[in-house]
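Asker: As you go down the protein sequences, you meet chains D and E in turn.
Counted from 1, the first sequence has number 69 at position 70 by numbering that gives the first Met the number 0; the numbering is strictly sequential.
Counted from 1, the second sequence has number 69 at position 70 by numbering that gives the first Met the number 0; the numbering is strictly sequential.
Watch out, some of these pointers could steer you wrong.
Said to hold, decoys possible - The list that follows gives simulated cross-link-like pairs (lysine to aspartate or glutamate, DMTMM-like), each with its CA atoms no further than 25 Å apart:
#1 E/Lys81 with E/Glu96
#2 D/Lys5 with E/Asp98
#3 D/Lys5 with E/Glu80
#4 E/Lys81 with D/Asp25
#5 E/Lys81 with E/Glu109
#6 D/Lys5 with D/Asp25
#7 D/Lys5 with E/Glu96
#8 E/Lys81 with D/Asp23
#9 D/Lys262 with D/Glu34
#10 E/Lys104 with E/Asp84
#11 E/Lys73 with E/Glu29
#12 E/Lys69 with D/Asp102
#13 D/Lys262 with D/Asp237
#14 D/Lys5 with E/Asp17
#15 D/Lys252 with D/Glu263
#16 E/Lys73 with D/Glu263
#17 E/Lys73 with E/Glu97
#18 E/Lys69 with E/Glu29
#19 D/Lys262 with D/Asp23
#20 E/Lys69 with E/Glu97
#21 E/Lys126 with D/Glu180
#22 E/Lys81 with D/Asp102
#23 D/Lys252 with D/Glu180
#24 E/Lys73 with D/Asp259
#25 E/Lys73 with E/Asp17
#26 E/Lys81 with D/Glu230
#27 E/Lys103 with E/Glu80
#28 D/Lys253 with D/Asp237
#29 E/Lys126 with D/Asp25
Since the hints were derived computationally from the structure, they do not count as laboratory data.
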Amino acid sequence: MGLAQKIFAHDTRAASRLLSWIEDGDSRASGELREIFPRTGAAYLLGITGAPGAGKSTLTDLLISLYRSRGLIVGVLAVDPSSPFTGGAVLGDRVRMQRHATDAGVFIRSMASRSWPGGLSRAATEAVRVLEAWGCGLVIIETVGVGQNEVEVSRLACTTVLVCAPGAGDRVQAIKAGVTEIADVIALNKADLADVEHAASALEMTLALHPRGEWRPPLVRTIARDGMGVEELAGAIDAHRRFIEGNGTLAEKKREGLKDHLKEIIRRKLHERISGRLPSDGELRSRVAEIQQGLADPYTVAEEIAAKEIMP
Amino acid sequence: MSRTIRVLIAKPGLDGHDRGAIVVAHALREAGMEVIYTGIRQTPEQIAHAAVQEDVRAVGLSCLSGAHAKLFPKVVALLREKGGDDILIFGGGIIPEEDIPALKKAGIAEIFGPGTRTSAIVEFIQKSVC
Numbered sequence: 000m001g002l003a004q005k006i007f008a009h010d011t012r013a014a015s016r017l018l019s020w021i022e023d024g025d026s027r028a029s030g031e032l033r034e035i036f037p038r039t040g041a042a043y044l045l046g047i048t049g050a051p052g053a054g055k056s057t058l059t060d061l062l063i064s065l066y067r068s069r070g071l072i073v074g075v076l077a078v079d080p081s082s083p084f085t086g087g088a089v090l091g092d093r094v095r096m097q098r099h100a101t102d103a104g105v106f107i108r109s110m111a112s113r114s115w116p117g118g119l120s121r122a123a124t125e126a127v128r129v130l131e132a133w134g135c136g137l138v139i140i141e142t143v144g145v146g147q148n149e150v151e152v153s154r155l156a157c158t159t160v161l162v163c164a165p166g167a168g169d170r171v172q173a174i175k176a177g178v179t180e181i182a183d184v185i186a187l188n189k190a191d192l193a194d195v196e197h198a199a200s201a202l203e204m205t206l207a208l209h210p211r212g213e214w215r216p217p218l219v220r221t222i223a224r225d226g227m228g229v230e231e232l233a234g235a236i237d238a239h240r241r242f243i244e245g246n247g248t249l250a251e252k253k254r255e256g257l258k259d260h261l262k263e264i265i266r267r268k269l270h271e272r273i274s275g276r277l278p279s280d281g282e283l284r285s286r287v288a289e290i291q292q293g294l295a296d297p298y299t300v301a302e303e304i305a306a307k308e309i310m311p
Numbered sequence: 000m001s002r003t004i005r006v007l008i009a010k011p012g013l014d015g016h017d018r019g020a021i022v023v024a025h026a027l028r029e030a031g032m033e034v035i036y037t038g039i040r041q042t043p044e045q046i047a048h049a050a051v052q053e054d055v056r057a058v059g060l061s062c063l064s065g066a067h068a069k070l071f072p073k074v075v076a077l078l079r080e081k082g083g084d085d086i087l088i089f090g091g092g093i094i095p096e097e098d099i100p101a102l103k104k105a106g107i108a109e110i111f112g113p114g115t116r117t118s119a120i121v122e123f124i125q126k127s128v129c
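The shape of chain E in the complex, shown without the other chains:
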């Protein structure tokens, strides 16, 4: 018996730029993972509920609106509240270097900026959840 890795890819915030999220979803699919994609303009509450119902091992957040500093930690807090504190959370999008330490402190395991190879994200997830 092998446990299939299920990952939620979600876009919190108000931007509609979903190309990055879709490229990542496709790369994870190619790596044999099951990717639940919830579409653009999701609230942290919607993302946390979906993550729990879908029993995912990891949540990838993509934000290009600049609201990551508020939205990403909110998702972490809501997931902990719902008993999902074992779920790996990573992020991507347009995230300034100087914001990354605070996000990591808030519980975001890793930030993948523009130019990241998708294989780096795949390896990161495989290494972290096994």
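For reference, chain D alone in the conformation it holds in the complex:
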């Protein structure tokens, strides 16, 4: 029996192996993905993003409990950064979620970003499908700790929660473009800290200045360490879900997501086809020498190589 059939039978080891194949770019993954595809696409995808240390994992842990109490099978993809120097990573998000480790209705997978930009991992989109095929009705996607520009999660998730904490800068920070624009719900965590009012007013001002259609992202105060505010946070997520289900945004989002994914698969196929035909490092170095001596320019050289070796 292949992995796909086992995954349909809720086999954890089969699902975890397919997740590894996807991450490693193993050629065996595509057949299994093709087989699971018809049983995917139905889960609600919840993105959790925010700066390092804002409380993403602790809030995720609380949301797992809440959705489990509603009877949902819950998947979690927790992404942490890879080292740009060694490729290694320490994936520590599980520390906050380990009380769910033995729950058969929860699948938590730590993922390294493996140099993929945008706060997720290249494997995230397909990893979600594996968790759906395993039975998850809800998948939480926790991004790496983000700065200002990592917005990819909002393309994948149905609802994106931005987790903020007090002390993260003044009102000018709050009106910059980027992550504050992708929030459907804002969780202002560590709401027991002294300058919470300051942070709240800066965020409120941003929300007032940036009307995005009819949905105004609610600001929910949480104290994740003490479990405070999680019901309210889930309520805000529910409200956003009803809103996007009601006005067709969710269907449109799923369509766009599938289009992005199709494009990515095509790009990967093309890359597989040409990667064996790229010039060796040695060849490239000799061409670089020509360029440095002023005998050629990089645009002409690239065009020559592409015309001769890659797409003859």
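For chain D, the structure is supplied; the task is to place chain E on it using the hints.
Answerer: Relative to chain D, chain E alone:
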């Protein structure tokens, strides 16, 4: 295509001394591995479940409470039960010399005591899982 080595570093038992585990996690990261760290005070059940969901090639157990003789073999047994019998398991912490043969017999591949060079652990994993 290369398969990235994923390793779970876990602390079974009730001691809170995680410095050794964190030093090892960091060393493995520097060697290009992906290290899943689950924190202190983990039950063997939590460790085995995490190892299977994370599809790791190796599990490193650190224990300084003296309960290794019970806890380490329990992790081995649970992993075998869950179909993870191909996962390499090694240990460290405060483990008396005389306990090591029994642990190895129970399926712990190697024990790394205080004073071990981290490069020895890296080499051991690279050699064992490839």
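Asker: Now tell me, hint by hint, if it's right for this structure.
Answerer: Hints and how they fare:
Distance restraint check for E/Lys81 and E/Glu96: the Cα-Cα separation of roughly 30 Å exceeds the 25 Å cut-off, and the hinted pair is therefore not satisfied. Distance check on the hinted pair: D/Lys5 and E/Asp98 sit about 39 Å apart at the alpha-carbon level, beyond 25 Å; violated. Proximity of D/Lys5 to E/Glu80 is assessed by CA-CA distance (about 17 Å); at most 25 Å being required, the pair is judged to hold. Of the pairs offered as hints, the one joining E/Lys81 and D/Asp25 holds, with about 24 Å between alpha carbons and a cut-off of 25 Å not exceeded.
Between E/Lys81 and E/Glu109, the direct Cα distance comes to roughly 21 Å. Compliance with the 25 Å bound is thereby established for this hinted pair. Note on D/Lys5 and D/Asp25: the hinted pairing holds, with a Cα-Cα distance of about 19 Å set against a maximum of 25 Å. Among the hinted pairs, D/Lys5 with E/Glu96 is inconsistent with the structure: their alpha-carbon atoms are about 43 Å apart, more than 25 Å. Of the supplied pair hints, the one linking E/Lys81 and D/Asp23 holds, its CA atoms being roughly 23 Å apart against a limit of 25 Å.
For the hint linking D/Lys262 to D/Glu34, the alpha-carbon distance of about 19 Å falls within 25 Å, and the restraint holds. Restraint check: the Cα-Cα separation between E/Lys104 and E/Asp84 comes to about 15 Å, which is no more than 25 Å; the hinted pair holds. This hinted pair does not check out: E/Lys73 and E/Glu29 have alpha carbons roughly 30 Å apart, beyond 25 Å. Between E/Lys69 and D/Asp102 the CA atoms are separated by roughly 23 Å; this keeps the pair inside 25 Å, and the hint holds.
Between D/Lys262 and D/Asp237 the alpha-carbon distance is near 31 Å, which puts this suggested pair outside the 25 Å criterion. The suggested pairing of D/Lys5 with E/Asp17 is violated, with an alpha-carbon distance near 37 Å, which exceeds 25 Å. About 16 Å separates the Cα atoms of D/Lys252 and D/Glu263, which keeps this hinted pair within 25 Å; it holds. Note on E/Lys73 and D/Glu263: the hinted pairing is violated, with a Cα-Cα distance of about 44 Å set against a maximum of 25 Å.
At most 25 Å may separate the alpha-carbon atoms for a hinted pair to count; E/Lys73 and E/Glu97 meet this at roughly 19 Å. Of the supplied pair hints, the one linking E/Lys69 and E/Glu29 is violated, its CA atoms being roughly 31 Å apart against a limit of 25 Å. Between D/Lys262 and D/Asp23 the CA atoms are separated by roughly 20 Å; this keeps the pair inside 25 Å, and the hint holds. For the suggested pair E/Lys69 and E/Glu97, the alpha carbons sit about 15 Å apart, so the restraint of at most 25 Å is met.
Only pairs whose Cα atoms come within 25 Å are accepted, and E/Lys126 paired with D/Glu180 is rejected, the gap being roughly 48 Å. For the given pair, E/Lys81 sits about 14 Å from D/Asp102 by alpha-carbon distance, which is consistent with the 25 Å threshold. Distance check on the hinted pair: D/Lys252 and D/Glu180 sit about 16 Å apart at the alpha-carbon level, within 25 Å; holds. Under the criterion of a C-alpha separation no larger than 25 Å, the hint pairing E/Lys73 with D/Asp259 is inconsistent with the structure, at around 46 Å.
Pair hint E/Lys73 plus E/Asp17 holds up; C-alpha atoms about 20 Å apart against a cutoff of 25 Å. Taking the CA atoms of E/Lys81 and D/Glu230, the gap is near 35 Å; set against the 25 Å cutoff, the hint is violated. Between the alpha carbons of E/Lys103 and E/Glu80 the distance comes to roughly 18 Å, so the proposed pair stays at or under 25 Å and holds. Among the hinted pairs, D/Lys253 with D/Asp237 is consistent with the structure: their alpha-carbon atoms are about 18 Å apart, no more than 25 Å.
Restraint check for E/Lys126 and D/Asp25: satisfied, since their Cα atoms lie roughly 22 Å apart, inside the 25 Å limit.
When each numbered hint is compared with the structure, violations occur for hints 1, 2, 7, 11, 13, 14, 16, 18, 21, 24 and 26.
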